[in-house]
Amino acid sequence: MLLRFKRSSMLLLTMSLALVAILAGCGSNPESSAAGTAKDPSIRSITMSWPRDVGVMNPHTYNPSQLFAQSMLYDPLVHYGENGKLEPALAESWTISKDGKVYTFKLRPNVKFSDGSAFNAAIVKKNFDAVMLHKDTHSWLGLVGVIAKTEAVNDLTFRMTLTEPYYPALQDLSVVRPFRFLGAAGFPNNGDTATGIKEPVGTGAWVLADYKQDEYAVFKRNPHYWGKAPALDQVTVKIIPDAETRVAAFEKGELDLIYGEGVISLDAFKQLRDNKDYVTKLSDPVGTRSLLLNSSNPKLADIRVRQALQQGFNKQAMVEGITSGLEEPADTILSKNYPYTNVDIETAGNTYNVQHAQALLDEAGWKLPAGGTVREKDGQPLELELIYDKTDPIQKAMAETIQAEWSAIGVKVNLTGLELTVQIKRLKANDFDLYFWYNYGAPYDPHSFINVVAKKGFGIAETLSAVPNKAALDQQIREALSSTDETKRQELYHSILSTLNEQSAIVPISYVKKTAVYHKNIASFAFPANRDENAFFGITLSQP
Amino acid sequence: MIGYIGRRLLAVVPIVLLATLVTFALIHISPVDPAEAYLTAAHIYPTEEVLAQKRHEFGLDQPLIVQYVHTLGRLVQLDFGTSYLTNQPVWEEIVSRFPATAELALSSILLSIVVSVPLGIAAAVYRNGWIDMLSRIIAYLGASIPQFWLGYLLIFFFAVKLDWLPVEGRGDWTNLVLPTITLSLVLIALYTRLLRASMLDQMQATYVQYGRMRGLHERTIMLRHVLKMALMPLISSIGMNVGRLLTGTIIVEQVFSWPGLGRYFVEAIFNRDIPVIQCYVLLAACLFIICNLLVDLIQLWMDPRISLKGQTEQ
Chain A
1 MLLRFKRSSM LLLTMSLALV AILAGCGSNP ESSAAGTAKD PSIRSITMSW
51 PRDVGVMNPH TYNPSQLFAQ SMLYDPLVHY GENGKLEPAL AESWTISKDG
101 KVYTFKLRPN VKFSDGSAFN AAIVKKNFDA VMLHKDTHSW LGLVGVIAKT
151 EAVNDLTFRM TLTEPYYPAL QDLSVVRPFR FLGAAGFPNN GDTATGIKEP
201 VGTGAWVLAD YKQDEYAVFK RNPHYWGKAP ALDQVTVKII PDAETRVAAF
251 EKGELDLIYG EGVISLDAFK QLRDNKDYVT KLSDPVGTRS LLLNSSNPKL
301 ADIRVRQALQ QGFNKQAMVE GITSGLEEPA DTILSKNYPY TNVDIETAGN
351 TYNVQHAQAL LDEAGWKLPA GGTVREKDGQ PLELELIYDK TDPIQKAMAE
401 TIQAEWSAIG VKVNLTGLEL TVQIKRLKAN DFDLYFWYNY GAPYDPHSFI
451 NVVAKKGFGI AETLSAVPNK AALDQQIREA LSSTDETKRQ ELYHSILSTL
501 NEQSAIVPIS YVKKTAVYHK NIASFAFPAN RDENAFFGIT LSQP
Chain B
1 MIGYIGRRLL AVVPIVLLAT LVTFALIHIS PVDPAEAYLT AAHIYPTEEV
51 LAQKRHEFGL DQPLIVQYVH TLGRLVQLDF GTSYLTNQPV WEEIVSRFPA
101 TAELALSSIL LSIVVSVPLG IAAAVYRNGW IDMLSRIIAY LGASIPQFWL
151 GYLLIFFFAV KLDWLPVEGR GDWTNLVLPT ITLSLVLIAL YTRLLRASML
201 DQMQATYVQY GRMRGLHERT IMLRHVLKMA LMPLISSIGM NVGRLLTGTI
251 IVEQVFSWPG LGRYFVEAIF NRDIPVIQCY VLLAACLFII CNLLVDLIQL
301 WMDPRISLKG QTEQ
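Sequences listed follow chains A and B, in order.
Note that the first sequence covers residues 1 to 544 in the numbering used here.
Note that the second sequence covers residues 1 to 314 in the numbering used here.
This is chain A alone, in the form it adopts within the complex (with noise of 0.2 Å):
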């Protein structure tokens, strides 16, 4: 009986040994594979991290497919440069017509999808065509809602007719996707890309040479790139969901590059930061953090109350103490550096003034009773609940700072963590007081926040329905979006963000930035202006 027992014990033992030798056989890593010759000196290649398997690589399609990725593949017709500066991509020229219905696209020549196939006016209709199948999904973005057809005139000439002007077209087909264009051979037999592509052949400065779901993604130089050629010949981009590891992976060499919004932990930051083994670099604003002020209710309609509580806070301490830095503290709603919004803003108002805050609250008829430290009016006390993401520190931490400020001046602050698709549905319910908000970044803005200022369903435009003047507000919105006359629309913006700024009902908190960590054999690294694009472009390494 024993003798049984050893033996099977042993073969048991074997076995599993055999079976966990052949499982860690069929693992792998970039470095191991056929493509991965990461090692290779003579190849001038990076590795990087992110946190999100890279996904299927379709163009037209959002989950689970990383934006940067997306952008290696795939090219735009128009590229949203610096300050918001529209430059020609796939599309070599373009004419708008004097109604601003009629946009004419003069495409590149000589194009060549990676697959060797030819870039044309008939596969641009076909990749119109292949997202407009799906326009419900797509609504979000507003050139969507406004595109009445799409014609392939001659080999290199496209023409796209809205059904009424919308002059951030340009704009809204510089964005990531779904206005990129997939090769013929990608296309799936019915050509609807909503079910799946056959490969992911794209125009775009790199290929997919190597993929691990959940592992990694190799990418390398597409040799039928029509424009420069980036300055390196291979990606590699390792899957690390978890951010302290992703340091760990950093310190140790098996990164050279950690970028991206959030990627890494504000402590492991400061603590690279602090290494001169190591650069640290920050973008310009890619988003403001705001807080907003729900004028819907009736403690809040009150334009002094709002002033108050805008004043009422240390905003250049709050930003610098919690942010250490990563942030900028924020003076007006929208940065400078979108189209339209490098203007000049009163903002004084704005200012911390405790003193002056107490006074307009005192004005606006909230007093603190005798003994009390709430300030009351019509017997009802001045509290409001603050909703934030329970998963973001810095969100939390700044809720905690704002409560302890505002209660020195008589406000009290609940604050309540949630989910954060159950904080957008309060959002859109209008059924919060205060509530973190972020814009769109670039190259969203600033016609997608002026949008959801005026179009009800997005939680911004019920956060200012009770604005005086909100209706001409909302047809200066209309104007904006529509007018063909670039001064004009300069003015109204001009006047928009004024008005926003004056009413304090999105009070802005910190401009939001993108981080990148890298060793020294990356000579130069530079953020590009889309916030979704890769950034690959931007890096020389130094010379061996």
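Calculated directly from the structure, the hints in this document are not laboratory data.
Keep in mind the model is a prediction, meaning the values are calculated, not measured.
Among the hints, erroneous ones may be present.
Below, in silico cross-link-like pairs of lysine-lysine (PhoX-like), each with a Cα-Cα straight-line distance of 20 Å or less [said to hold, decoys possible]:
hint, chain 1, residue 1, chain 2, residue 2
1, A, Lys112, A, Lys101
2, A, Lys396, A, Lys367
3, A, Lys396, A, Lys412
4, B, Lys161, A, Lys276
5, A, Lys252, B, Lys161
6, A, Lys488, A, Lys101
Given the coordinates of chain A, assemble chain B onto it according to the supplied hints.
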């Protein structure tokens, strides 16, 4: 025996049914709408038009009972549906991630057995000696160190500082070392103490005294008789842990970027990817049932006194 196995496997049906019902109820009690979660993950603002379209696409605009019946209908045909997030068949995605999880689970179980069995025996035989003290220290450490922290510590010392092993990812055997140790420490602590206690208990049994009276060598008594009986509770515990490990080890997979089922499941929960959650829960239920059955069969084989009805024959 075959009838017994058949009966146990038939018990899978009501358990699976219950698992589908509980999972379905829990998902729908949650205030998060899966269509909204999908759009949030895709960085698309959930306008009413897009939400309605997504809900229709996912079948979430149907009455709850219709959704549940539809789900059951699919499951009966072993169709586990398509992931909301990736638009790929769920079963294919699970199958592609299972080898990574199985590799880590098996290596962890093997390491914990290889370490804890001799350590547990020695701790019992040399009770209160230095080896027993060592086993106690390991038990305290295993029970008290959080796995994520242990993982980070191991990465810091063995990967970053000493540069002996890779930080993360799945590749050759070197990638397996740190996650295996992280997972195994708690198991080693548990198994060592369990085996020690069980050994000490058996060492008091009358058959041991009888063996000694018969003049049997102490080693023979320990290895041939005591160990065999003392292994029973250990086998039950291993069975439970194999089931748990085979369904993914969320924290360790996250810390070591291990592309297994745990990470996949966590992402599915965050994104309310209902087909994935349902398939995972069913898989977990089936794995636990099978592991328990295997444990029972092994114990039956090792100790024929245990009858198939679960009673000890007198």
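Going down the list of hints, with the structure as the test:
1. For the proposed pair Lys112 of chain A and Lys101 of chain A, the alpha carbon gap of about 29 Å is over 20 Å, so the pair is violated.
2. As the CA atoms of Lys396 of chain A and Lys367 of chain A are separated by approximately 29 Å, the hinted pair breaks the 20 Å bound.
3. Restraint check: the Cα-Cα separation between Lys396 of chain A and Lys412 of chain A comes to about 16 Å, which is no more than 20 Å; the hinted pair holds.
4. Straight-line distance between C-alpha atoms of Lys161 of chain B and Lys276 of chain A comes to about 17 Å, which keeps the hinted pair within the 20 Å bound.
5. In summary, the hint linking Lys252 of chain A to Lys161 of chain B is supported, as the alpha carbons are separated by about 8 Å, within the 20 Å threshold.
6. With a CA separation close to 18 Å, the supplied pair Lys488 of chain A and Lys101 of chain A stays within the 20 Å bound.
Checked against the numbered hints above, the structure breaks hints 1 and 2 and satisfies the rest.
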